[in-house]
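Protein chains in written order, with the working numbering: chain A, -9 to 144; chain B, 54 to 538.
Since the hints were made in silico from the structure, they are not lab data. Please read all numbers here as calculations on a predicted model, not as lab measurements. Think of the CB as a built atom: it goes at the ideal place given N, C-alpha and C, for glycine as much as any other residue. Where hints are given, some of them may not hold.
Now the in silico label distances, taken between C-beta atoms and shown as ranges [claimed, not checked]:
#1 Ile(-3)(A) - Ala493(B): 39 to 47 Å
#2 Asp461(B) - Ala80(A): 48 to 56 Å
#3 Val442(B) - Ser15(A): 18 to 26 Å
#4 Met441(B) - Ser106(A): 28 to 36 Å
#5 Leu115(A) - Thr406(B): 27 to 35 Å
#6 Thr479(B) - Ile73(A): 37 to 45 Å
Some chain B residues flagged as far from chain A (calculated, every beta-carbon gap over 12 Å) [claimed, not checked]:
#7 Ala391
#8 Tyr394
#9 Ala493
#10 Phe496
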Amino acid sequence: MRVAEIITAAVLCAIGFALTAESWSLGSGWGKAGPEAGFFPFWLGVLLSLTAITLFVQATLSRDRGKPFLEREQLVRVAKVAIPTVAAVALIQVIGLYFATALYLTGYMRWIGRHSWSLVLAVGLGTPLLTFALFEIWFLTPMRKGPIEIWLGF
Amino acid sequence: MGIVFGTVIGVLPGLGGPNGVALLLPITFSMEPTSAIIFVSCIYWGALFGGAITSILFNIPGESWSVATTFDGHPMARDGEAGKALTTAFTSSFVGALMAVAMITFFASFLADVATKFGPPEIFAIQLLTFASIIGLGGSNAFKSLASALIGFGLAAVGIDIVTGEFRLTFGTLELARGFNFIVAVIGLFGIGDILVSVEEGLRFIGVARARVRLREVFSTWRELLGHWRVFLFGSFVGFWMGFKPGGATAASFMAYGFARRFSKNPERMGKGAIEGIIAPESAAHSAGVSALLPMLVLGIPGSATAAVILGGLLIWGLQPGPLLFTEKPEFVWGLIASMYSGNVIGVVIVLTCVPLFAAILRIPFAILTPLIVVICIIGAYAPSSSMVDVWYMLGFGFVGYIFKRLDYPLAPMVLALVLGDMAETALRQSLIMSRGSVAIFFDRPISGTIMVAAIALFLLPAIGMIRRRIGRGSPAGPAIPRGD
Chain A
-9 MRVAEIITAA VLCAIGFALT AESWSLGSGW GKAGPEAGFF PFWLGVLLSL
41 TAITLFVQAT LSRDRGKPFL EREQLVRVAK VAIPTVAAVA LIQVIGLYFA
91 TALYLTGYMR WIGRHSWSLV LAVGLGTPLL TFALFEIWFL TPMRKGPIEI
141 WLGF
Chain B
54 MGIVFGTVIG VLPGLGGPNG VALLLPITFS MEPTSAIIFV SCIYWGALFG
104 GAITSILFNI PGESWSVATT FDGHPMARDG EAGKALTTAF TSSFVGALMA
154 VAMITFFASF LADVATKFGP PEIFAIQLLT FASIIGLGGS NAFKSLASAL
204 IGFGLAAVGI DIVTGEFRLT FGTLELARGF NFIVAVIGLF GIGDILVSVE
254 EGLRFIGVAR ARVRLREVFS TWRELLGHWR VFLFGSFVGF WMGFKPGGAT
304 AASFMAYGFA RRFSKNPERM GKGAIEGIIA PESAAHSAGV SALLPMLVLG
354 IPGSATAAVI LGGLLIWGLQ PGPLLFTEKP EFVWGLIASM YSGNVIGVVI
404 VLTCVPLFAA ILRIPFAILT PLIVVICIIG AYAPSSSMVD VWYMLGFGFV
454 GYIFKRLDYP LAPMVLALVL GDMAETALRQ SLIMSRGSVA IFFDRPISGT
504 IMVAAIALFL LPAIGMIRRR IGRGSPAGPA IPRGD
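Please model the entire structure based on the sequences and the hints provided.
Structural data, given as C-alpha cells:
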C-alpha cells in the first residue's frame, strides 16, 4: 500500500512538472490581451506538484506498512476482468464493434463464467443484435465497423 | 421510460447515477432539449430510487448515497421484513424528493434574481467555494482531494484554449488537440473502475431469498410511517441544505442517519432494523439529489457528480445554465420542475410494483453481468464522437479510477473539475482582465468577497481539524465525514 502511494504521488508530481513546463513554453504571464494561454495551467501545474510532494512526504513518513496493494488472489481476479477488456477493445479496433462484442461476450461467459453453451450463445449473440437494432436503426448512430460489416453491406 | 432505465441503473452495481446518465446522454442529443432534460432527470430519479433496492436486499449499496440505508435496511430484510424495508425506503425517498421540489419551486426564481447580480469574480468565487467544500468536507486526506481536483482541471485545459484559440498542452500530438471528453472520463472512472474494484473484493450476490411487496404490507407500513413525521421532515431538510454543496447526497444521508440515531427514542435498536434508520438517510439522499440540480440550473454549478454530468448535457444541448436560463428558456426550467413532481410520483409507483423484478436482475451471475457492463461502457465511450481513441481513453481512465479508488483518492473532485474547468478558467481570466491583474478584485466586491472568505475557511478546515487532533491526542477524532462521489 505504501509503495503504491509513493509511486502515485511521484507520478502526480511528474504530471505537475509536465504541465508547468508545457505552459511555461506557451507563455504563462501577462500578454497584450490579459493572461496568456498558459497562465491557468501553469499555476495548476505548480499547485499539483506541491500537492504531490506533500502526498509523497506523507506516504514516505507513514510507518503503517499495512497490507500489500493487491493480494495475489485479488490480482488474479482483477486481471481476469482487465485483460479480456483490453483485448476486446483491441479487437473492436480491428474487426468492428458487433463481431468483437459477440466474441468477447461468448468467450468471457464460457471460459471465465463457465456457463452452459445455450445461455452463452443467447446472450453473446443477442446483445450485439440488440445493440445493432438500437443504435444503427433506431437512433441512427453508427458504431465502429470492420471488414465483415462492410462485406455484409453496412 | 427514463425512470425504468434509471432504476435498472441504480440497481446494477458498477453503474451509478453519473455514469448511467453519461451512458444514456448520447441518446438524448437528437431530442428537444426540454424532453431530453425530462428524460435524463427521470433516469436520475430512477437511479436514486434504485440504489435503495440492492442495499436492502443484498447489503450491496448500488450508490454511495445508499450506504447508510444498508445499516438498518438489510437487518430488517434479514428478519423477513424486506417488504416493509423497501416500502419505507421508497416512501421516504418520495417524501424527501417532494419536499425538496416544493422548496425549489419557492426559491428558484428568488435565487435566479440574486444570481443575475453575478459577474466573473463572483462566479469564480463560487466555484472556488465548491472545490473548497469538497476538499474541506471531503474525506480522509484533503491533499488527495486537492490533487484529484487539480488533475481534473489539468485535463480540462488540454486542447484548444477557449480564450485565445491556441493549441496547448498537446505535447506536440494531434490526438490531444481535441481535449478530453468528460463523458468518456466519467464512464471510465466510474464504470470500468467500479467493476475492477468490485471483482477484486470477490463480489458475490448473496440475496435474501424472496422479496415480494404485498399491497396490505404497504398500507400497514404507511400507517406506521406517519408516526415518524419528524424524522421525515428533518431528513428532507438536511438533504435540501446539503444538496447545494458537492458530495451532497452521500454526506446528507450519513448526516441524517447520525442525527436520527442521536435523537432516536430507542437508540439500541438502530443498526438492527430500526425504521428511522431507513427513513432518515433515504429522505435526505433523495432530497439532496433534487436540490443538487438547483444550483446547477441557477448558477451553473452542479451539486453532485450526476448533476455535473447533466450540466455537461445542457451545454451539449446548446443551453447555457445560469440565471439567464430562467428568462430565456422558461419552458425548459419549468418543464424540468414539472418533471420532478410527476417523475417522482410515477417513480414511486413503478418501483413499488417492480421489486420482484429487481431481485431477478441481481440473480444474473457476475460473469455475465460484467462483460455486459463493459460492452455498455465501450459503446457509451464510442458513441459521442465515433472515435476509437475515446474508447482507449475510457480504458485508461478506468485504470486510473481503479487505482484512485484503491488509494482512497476521491473521484468526484476530478469529474467536477473536468466539467467546470473551462468555466472557472474563463471566469478567472475575465476577472483578472477587469482588474488589470490584481487579485484584490475577488475581495473588494461584497458578494464575491464573502464567498471567497467562506471558501478559504473551508479550505483551512482540514488543517484546523488536524491541529485539534494533534492537541487532543488519544481522544477519538470527530465523526468521519463520508466521501461523496
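These are the hints, each one checked on the structure:
Between Ile(-3)(A) and Ala493(B), the C-beta spacing of about 41 Å keeps the proposed range 39 to 47 Å intact. In this structure, Asp461(B) and Ala80(A) break the distance hint of 48 to 56 Å, their C-beta atoms being roughly 31 Å apart. Our hint of 18 to 26 Å for Val442(B) and Ser15(A) holds, since their Cβ atoms are close to 25 Å apart. For Met441(B) and Ser106(A), the hinted distance range of 28 to 36 Å is satisfied, since their beta carbons lie about 33 Å from each other.
Take Leu115(A) and Thr406(B): their Cβ atoms lie about 31 Å apart, and the range 27 to 35 Å holds. Between Thr479(B) and Ile73(A) the beta carbon distance is about 42 Å. The supplied range of 37 to 45 Å therefore holds. Residue placement check: Ala391(B) keeps its beta carbon more than 12 Å from all beta carbons of chain A (closest about 26 Å). At the 12 Å boundary, the C-beta of Tyr394(B) stays outside the reach of chain A, the nearest C-beta of that chain being 29 Å off.
No beta-carbon of chain A comes within 12 Å of the beta-carbon of Ala493(B); the shortest separation is about 16 Å. For Phe496(B), the shortest C-beta to C-beta distance to chain A comes to about 18 Å, beyond the 12 Å cut-off, and the non-interface label holds.
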